[in-house]
Each structure stands twice: as C-alpha cells, then as structure tokens.
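Asker: This is what each chain is made of:
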Amino acid sequence: MSAAEPSLKQPTSLWRRRYERKGMLYVLPALVLFAVMVAYPIVRSFYLSFFDYSILEPDAARFVGADNYLKLLTSPQNHRPFWNTLYFAAIFTPPYVLLGLGIALLLNRVRRGSVALRTMIFTPVVVSLAVSAVMWTLFYNGSFGMAHKMLEGACHFLNFLPAYALTCLPPYLVIAALLLFSLTLLGFTFFDKAPLRITVPVSCLLALGVCVNLGTFWLHESFGLLAAFLATLIPKAFVSLELVAAPAEGVLGNPRWAMPAIAAMCLWNGVGINVILYLVGLQRISPELYEAAEVDGAGRWQRFLHVTLPQLGPTTYLVVLLSMIGAFKVFGQPFIMTGGGPQDSTLTFVMRLYNLAFRYGKFQLGYASALAYALAVFIFVMSLFVRRLNRPTE
Amino acid sequence: MAVERKSVSFTFWLILLAIALLSVLPFLWIILGSLKPHLEIQRGQLWPWQSYTAQKPAGPGQPPREVSQHVTADNYRRIFQKLSGLPTYYFNTFYLSAAGTFLALFVGTLAAYGFAQFKFAGSRLLFMLLLLTIMIPGEVTLIGRYELMFQLRLYDKIVGLLISYVAGSLLLVIFIMRNVFASISQDITDAAMLDGASSWKIFWEVMVPMGGNGLAACGILTFLNIWNEFLFALTFTSMDKVRTLPVGIFMLKGQFGLFNSGVLFATVLLSFLPIVLVFILLQKYFVRGLSMGALKG
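These protein sequence lines are chains R and X, in that order. One point on numbering: in our numbering, the residue at position 216 of the first sequence is 216, and numbering is uninterrupted. One point on numbering: in our numbering, the residue at position 109 of the second sequence is 503, and numbering is uninterrupted.
Next comes chain R alone, as it looks inside the complex (with noise of 0.2 Å):
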C-alpha cells in the first residue's frame, strides 16, 4: 500500500492523508449501486425470510418467526427439490471434473492440429445456457431427435454385445488370424512399415467394424442364418438381452432418464471451461519438477501421481469447487427442458423457489427467500466442505 512508504508519508502528512481520502470518490459509485441493488436486497431476503409475506398483499405481512425455516425443513415438498438437485450434483461434478481433466491431459500432449480441437471442444460453452438447453431438447426428442436415436442404437449395441461376441467375434478372429498369418509366410509385411501404435489401434477398429456388420448379418432378425439356427436352440431372450432400452417417449419424457440427461446436456455445454482451467494449471507446472523425477527413476504413471497431480491440486480445488456451486444452483436448464416434470423428477432447489416466488401466483417471497438462504447456507458448508478434502493436498 501507498501508505506505507516512508518517503513519501512523512515529510507531506497532511497531504498525503487528503490524498489518500480522494479513493472515496473512486470507490463511491459502485458502492452505491452495490448497496442498492445487493446489500439492501441481501438483507431484504434476510428480513423477509420472517414473515409470511406475499408482494400481492404487504400490508398483511405477518411476523412468523423461524417458522419458514421448520417448514422449509418438514414440508415434504421440499424434499424432493432437495434429493433431485443432490442426485444431479452428485451424477454431473464427478464426470465434469473428470472429463476436464482428461481432456486437458490429452491436449497437453498433441501437437498438431491441437488448437483446432481446443476450439471445438470449448465452442459450446460460449452458447448460452437457454439456447443450448432448447437445441438438446430438440437433440433429445423421442421422435426425430438425434441423441435419441445414438441411444437407441447404443442400447441395441449394448443389448446385442453378449450374443456378438459369444456367436460371432471367435470365429472371424481365427479367420483374420489365419489370412494375416497365411499372407504372412507368403512374403507380405504389415506391421514393419508403420510404428505399432498407429496400426494396433487401425487394426483393432476394422476388427470390430467387420465384425458388428457382420454379426449384424447373422444375426438379423428377418434374414440372419446364425439368428434363425439359435432361436430353435434356446430362448431368444440369449440373442437381444434386452439389458436396457431407450424410452419410446424421448429421454426427456422419462422419470428415470429425464435427470441424467440434463446433466449430459451441461456436460456437453461446460466441459470447456474446466479443460481451459486445467490446462492453465498444467501449463504451469515447471519442467524441473518433471527432470527431478525422471532422474529419481519415476515412471510415466509415477510422474503423473506424484507431480502432476498434487501440483493440479489448487486447480481442482477450484474447478470442484465451482462445478458444485453451479450443480446446486440449477435452474435454467431443467426449466426450459422439462419444466420439473416427468413427476417432478428433475424439480430442482432453485426451481422450487422460483415456484414458491412466482408460480404459484401466490408470491409467497416470505417463504421463497428462506429457501434462498438455505440454498446459501448449504452452499457455503458444502465448500468448507470442499476447501477440507483439498488440505492435505496442499
């Protein structure tokens, strides 16, 4: 601080304090816009939280004491917003975080071409929350909607997986084996030219490729000779196990799936920030750590646990830290896709305020505003929470 300079304090004192009083006039503005439009609203909220208070009849507020609070926590009501927005923090962090770690570690990696997918995996998130929201609910329609339909067919792959390898991927494995071993005594080389892992990879899809067309052949319903020979065996139940199927009525539409794909859908619209967050964070960490290591004999895998992770351990702090906040805040993203439905089963905290506040066409902001300061209260545990996980890393 300026202040505390001696040069310039002491011979022009009186100066110097008047000086220093003009930072009011700096700072005047945005304290009062700050006190107007948040600190008297924050403690508005407080006040209110109360009363029994509704905006369509102020004059019969009414001074309830703590009773918002004890209704807030016995009404039943309330404990459905509470598990489905606990159940969506705990399904999205997890795979949120993750992902973005992978990713970053993966493009910390590739050189060529690395900026061009950087630029593509952070492009949703610059699309704003309402609109992606809107283009999933279209991506997710039971009808014509494209996420629906990779469901679907992933479900059918998932289904068929058991049948395919039991039936099919023997047999073709021992036909490629005998081809590439024949051409092999005949002269022809494959693996010489190019490095093993570019071809083991090539090699391995192709393998699969050909053997789900294949196995997709045999086994076709209408067609398939190995499907027609097995269903007078044993039961076709062996052929499609019908582990899981997609909703005939979109995934939006379904209690079970609606949840889960909500998260899909932030997934997709905010990886990209914890990508970058990490990558700044790996960026970081010097060179020398990693000599150091590599002279202690470590490993690949060792460099990774030892330096690279406790290094990223503020970096964690913070994306765990935000991505929690941002789960428990939700709001946007359920109401526009499914408005809380199917039985209220993607009916979230803040959505229950919102209800409660302006919904109902009650106004209850008496109530509402203690649902708010419970949010901020469990908010602000949550990450004292966090903050202890992160100390031994530190």
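A hint or two may mislead.
Stated by the list, open to error - Okay, the calculated bits of chain X under chain R, using three or more residues with CB under 8 Å as the criterion:
1) 496-510
2) 538-552
3) 600-609
Bear in mind the hints are in silico, worked out from the structure with no lab data behind them. Beta carbons are placed, not taken as given, at the ideal position from N, Cα and C, and that holds for glycine.
Starting from the known structure of chain R, fit chain X onto it as the hints suggest.
Answerer: For chain X alone, kept in the frame of chain R given last:
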C-alpha cells in the same frame, strides 16, 4: 514440456477428435434441421444420405414413389417476416451485454483503483464486506431485487435489468482489477505523482493502459455472463419487447416446438451463430480471458 515425448500420439489424437466431433455434432444437426420443412424433421430425415427413404404413395393402388428431400429457407423467412420476436430479443440482449459490460468495467475499475491505491477510513472494512458477499449466491438477492424493481418502477424496463446486471458483475471486476492494479509497481505511480499528475490522470493514463489484459478478461467474462443470464431476465420482465434472447427462446420453444419445429431449429441456429462466429474469430482472447478471470476470481 521438456520431458514429454515430441511425437504425436495417434491414439490420443483419435480420442480427442472423437470428443471434438461430439462437441460440434449438435450444431451441425441444428444447421441441417433448420433447412428442412416441419414434416421431414418429424420423420427424422435430416441427413443427406436419408434423402431416398422418404416414401410417398403415387396414388391409390400404386406402389410408393421415392421422393427426394427438400431444402428450404422457409424457416428463416418466417422468422424475419413477423412470427417471432427474435430481432427484438437480439437487440435487447446485445444492448444489455454491451452497455452492461461497459458500465460494469468503468464503475468496477474505478472502485478497484480506489481500493488498490488509496487507504481511506474504512477502506479495508468495505473491501472485506465486498469479499463476504461473494460467498452469497445470486439467488438470495433475487427476491429483494424483485421487490425493488417494483418500488423503483423498473419492472419490465431494460434499464432495470441493466442496473441489476451491472451491480451483479461489479464484484468480479473489482476483485480482478484490484489484483491487477496492486501488482503494478509502486515506483511508477510515485514517479507520476512526483511529476504532478493528479490521481485521475494516474488512473486514466497509467493504470488503465497497464491493466489492459485484465480489463479484456473482465470484459469477456462480464459480457458472456450477461449474454447468458436467464433467471433474473425471466423474473424481471413480462412483456415481449423487453425480453432477452435466453428468455425469448424459452418462450419460442413453447410457441413453435410442436407444430413448427423447423422454425425452432432456425431460431436456435440464429441464436448461437453470431456468438460462435465471434468466438472462433477471437478464440485466443476468449480462452486467455476466461482462464485469467477464473484463476483470479
């Protein structure tokens, strides 16, 4: 990194490519859908290779005839004719974001300068108070501010939203810019002071130019926050002419979702296209600004 191998790992690259393609797939799908009539969307025929699956009976008793798909600009035409308030929403959102960012930067930077450079009575206490409120989620201010909007006759006015957004973005600007200003060497300001520069001159001609990076970061963060804001805009407005894009598109979803999904596709496309284009052009600054802001905030 010195220790990392220089060679590009092909497998990593493939995984990243798959993730990147998944990230842009919804955009692509929306672009395709916005060029289709409602019926073809409902049948799920959006991709070019599905063009011959559309079947149309040629007449009674005759076999169905294959028809190729249509590509139309009707959806866009409808938006611009009269059906939707999209242009209004656009204007409102852009106005709010631009003016809000400017005001928040100006007022916030002034305050940051005041806190960083001066030590007046109560300055530390005030700053601690500000620091405390950053822990309080914005939802807490919602109800008090809603009431205030009525009392100040700002409900359903753009100005009301503007003031609300500026006040909401102020804290972040103050914190980031205070750190930036505090990191500027004291010698520079002392030298300027000895030359007889007024505090305003120091602020405007020394501090602001030197904090350019921080300002850009704050600007981008604030702009994006206001551009995306949903809850307050939903609560403080009820008329169509003051709606912002996020609230507007929520309303349009209800309006077009069932009977005219093509228009909804086009609306979504027009809503994300400009900001995505701006992002791609300025992506270096975006990324830098966001990372800087998030690390300081």
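Asker: Does each hint hold? Answer for all of them.
Answerer: Hint check:
For a cut-off of 8 Å, the count of residues in the stretch 496-510 of chain X with a CB near a CB of chain R stands at 7, and the three-residue condition holds. Judged by the Cβ-Cβ criterion of 8 Å, the stretch 538-552 of chain X is covered by chain R as claimed, because 6 of its residues qualify and three suffice. Given as covered by chain R, the stretch 600-609 of chain X fails the check, having 0 residues with a CB less than 8 Å from a CB of that chain where 3 are the minimum.
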